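Peer 1: Listed here are the chains, written in short residue letters.
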Amino acid sequence: MKINHPLLGPRNASEFTILGDAKLLQRPNTPERDQARVFYEYLYLRDNPIGQHQELWFHEQGDRSWLIVSRDTLTHEINNVELASKVIKKGQTQ
Amino acid sequence: MAYSAIKVIKEALTGHRGWKPLWRRPEPKSEYDIIVIGGGGHGLATAYYLASEYKNKKIAVLEKGWLGGGNIGRNTTIFRSNYLLHENEMFYEMSLKLWEQFEQDLNYNAMISQRGVINLFHSDAQRDAYVRRGNSMLINGADAILLNEAKLREKCPFLNYDNARFPIQGGLWQPRGGTIRHDAVAWGYARAADRLGVDIIENCEVTGFDIQNAKCNAVRTSRGTIKAKKFGVAVAGSSSAVMENAGLRLPIESHVLQAFVSEGLKPIIPGVITFGAGHFYISQSDKGGLVFGGDIDGYNSYAQRGNMAVVEDVCEGGMALMPMIGKARLLRMWGGVMDMSMDGSPIIDRTPIKGIYFNGGWCYGGFKATPASGKCFAHLLATDEHHPNASAYLLNRFEKGYMIDEKGMGAQPNLH
Numbered sequence: 001m002k003i004n005h006p007l008l009g010p011r012n013a014s015e016f017t018i019l020g021d022a023k024l025l026q027r028p029n030t031p032e033r034d035q036a037r038v039f040y041e042y043l044y045l046r047d048n049p050i051g052q053h054q055e056l057w058f059h060e061q062g063d064r065s066w067l068i069v070s071r072d073t074l075t076h077e078i079n080n081v082e083l084a085s086k087v088i089k090k091g092q093t094q
Numbered sequence: 001m002a003y004s005a006i007k008v009i010k011e012a013l014t015g016h017r018g019w020k021p022l023w024r025r026p027e028p029k030s031e032y033d034i035i036v037i038g039g040g041g042h043g044l045a046t047a048y049y050l051a052s053e054y055k056n057k058k059i060a061v062l063e064k065g066w067l068g069g070g071n072i073g074r075n076t077t078i079f080r081s082n083y084l085l086h087e088n089e090m091f092y093e094m095s096l097k098l099w100e101q102f103e104q105d106l107n108y109n110a111m112i113s114q115r116g117v118i119n120l121f122h123s124d125a126q127r128d129a130y131v132r133r134g135n136s137m138l139i140n141g142a143d144a145i146l147l148n149e150a151k152l153r154e155k156c157p158f159l160n161y162d163n164a165r166f167p168i169q170g171g172l173w174q175p176r177g178g179t180i181r182h183d184a185v186a187w188g189y190a191r192a193a194d195r196l197g198v199d200i201i202e203n204c205e206v207t208g209f210d211i212q213n214a215k216c217n218a219v220r221t222s223r224g225t226i227k228a229k230k231f232g233v234a235v236a237g238s239s240s241a242v243m244e245n246a247g248l249r250l251p252i253e254s255h256v257l258q259a260f261v262s263e264g265l266k267p268i269i270p271g272v273i274t275f276g277a278g279h280f281y282i283s284q285s286d287k288g289g290l291v292f293g294g295d296i297d298g299y300n301s302y303a304q305r306g307n308m309a310v311v312e313d314v315c316e317g318g319m320a321l322m323p324m325i326g327k328a329r330l331l332r333m334w335g336g337v338m339d340m341s342m343d344g345s346p347i348i349d350r351t352p353i354k355g356i357y358f359n360g361g362w363c364y365g366g367f368k369a370t371p372a373s374g375k376c377f378a379h380l381l382a383t384d385e386h387h388p389n390a391s392a393y394l395l396n397r398f399e400k401g402y403m404i405d406e407k408g409m410g411a412q413p414n415l416h
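Each protein sequence line maps, in turn, to chains A and B.
My numbering puts the first residue of the first sequence at 1, with every later residue one more than the last.
My numbering puts the first residue of the second sequence at 1, with every later residue one more than the last.
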């Protein structure tokens, strides 16, 4: 797999490590009720879809940026890569 | 048709024209008592134990593709029970004992070979950790022997003992571990279950559950709606996708694990050997091919194939451990989809929906677990109580804080 880094161009995926589903960015604010339940769902449950998956990759052996990579889990095809910092600024993580 | 030496000789003399198919191809009935979803090793073992030990009638196994076409056909055929944590060790030792009886119980040749499993250690600290693991194995009734370097050299003279970075100091040996013909496991269970009246229905994909008031009454499949009282889901690799149909999110990610076979060689690897400093393990099949593998690729995948980075990593591990394998040519490689759970341990439990029971999250330990998984899941389905040896494999253990985290990695499935 090659990841088309927004700043550095196509880089081999082996330069990166993957953390997982980009939904991990949406850490819940401490809710008043059901705290244990809310954090359990955030930390442990995953959608784990077949098909499109937005995920967090870290360019560990490169510029050490975090990327949000949209990738198909059935074909490994990558169709979008963005800097996580930009996406967060735009408030675009669903 | 029971197999025997006489039968084999008779067939050999008469041109092998008398062998029959091992299982029927029944049409699905409209209703069963228990439906097992997933016709792989675990599902078929579950059906076998439901029929044989719990005397359940009217059981069906639904398989979306062909029988044994998932991970039971894509593994590296190793069984062992060398775990540290009690919750795992008691379960996997139960499984190893069931493997030892497998061929006699099922009247089926599965080429079981208890050739031993050796985990190598490369430092004093790692040796101490393996001593602790060995003691845990002994406490749970398994076998474990610590080999020092001299003893190990007798068994495996070909290892790279003087590797500058990771010198080999010895190994933890489980003589009762070994390998078993993986397809024969699926076929053996299928044949035995079929003979006990279980309907094995292939090309029958479950597409939905009929759930009313948090109770499941039927499954919708590509071959019509089928009613049952209980449904056991054993579809590891596709667990999240199937359980999504029941509205459940699971503490599971699907990852790809690759495996490799070399060309056939004369016998050279005496048992199963695992590298303690990198992720690499190897055994030699009866046909002579070196069967080896390493780590999962690390990203979510349903593709049943991996990428070159891990191929390279595995081969580097192999070369560091036993440089001689650099002479062997790789014949083929493949990938299987693993249910990676949040603590690296499996789940055999009820679900919040009455009537649906779940078996999954096997990470890459599923093959060796097949008989115990089937027996414990059958116990749960038949009696509604957890089998004592699988009583810790609960779905809500993440919520309650009772993780069974063999490696202490936390909720990061690609690190288990």
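The set of hints was computed from the structure by calculation and includes no laboratory data.
All values reported here derive from a predicted model rather than from experimental measurement.
One or more of the hints may lead you astray.
[To be verified] Here are the simulated lysine-lysine pairs, DSSO-like style, with alpha carbons at most 27 Å apart:
1) B:LYS266 x A:LYS23
2) A:LYS2 x A:LYS90
3) B:LYS400 x B:LYS354
4) A:LYS23 x B:LYS400
5) B:LYS354 x B:LYS327
6) B:LYS7 x B:LYS29
[Said to hold, decoys possible] Here's a subset of chain A near chain B, in silico, CB distances under 7 Å, partners left out:
7) ARG33
8) VAL38
9) TYR42
Every residue gets a Cβ at the ideal spot worked out from N, C-alpha and C, and that includes glycine.
Peer 1: With reference to the structure, classify each hint as holding or not holding.
Peer 2: Evaluation of the provided hints:
1. B:LYS266 x A:LYS23: Violated: LYS266 (chain B) and LYS23 (chain A) sit about 51 Å apart, past 27 Å.
2. A:LYS2 x A:LYS90: Holds. LYS2 (chain A) to LYS90 (chain A) sits at ~25 Å (cutoff 27 Å).
3. B:LYS400 x B:LYS354: Between LYS400 (chain B) and LYS354 (chain B) the Cα gap is close to 21 Å, so the pair holds against 27 Å.
4. A:LYS23 x B:LYS400: This hinted pair holds, its Cα atoms lying about 22 Å apart.
5. B:LYS354 x B:LYS327: It is violated: about 56 Å lies between the C-alpha atoms, which goes past 27 Å.
6. B:LYS7 x B:LYS29: violated (34 Å)
7. ARG33: At 16 Å from the nearest chain B Cβ, ARG33 (chain A) fails the 7 Å test, so the hint is violated.
8. VAL38: Violated, because the Cβ-Cβ distance from VAL38 (chain A) to chain B comes to roughly 11 Å (cut-off 7 Å).
9. TYR42: Nearest chain B Cβ about 10 Å off; hint violated.
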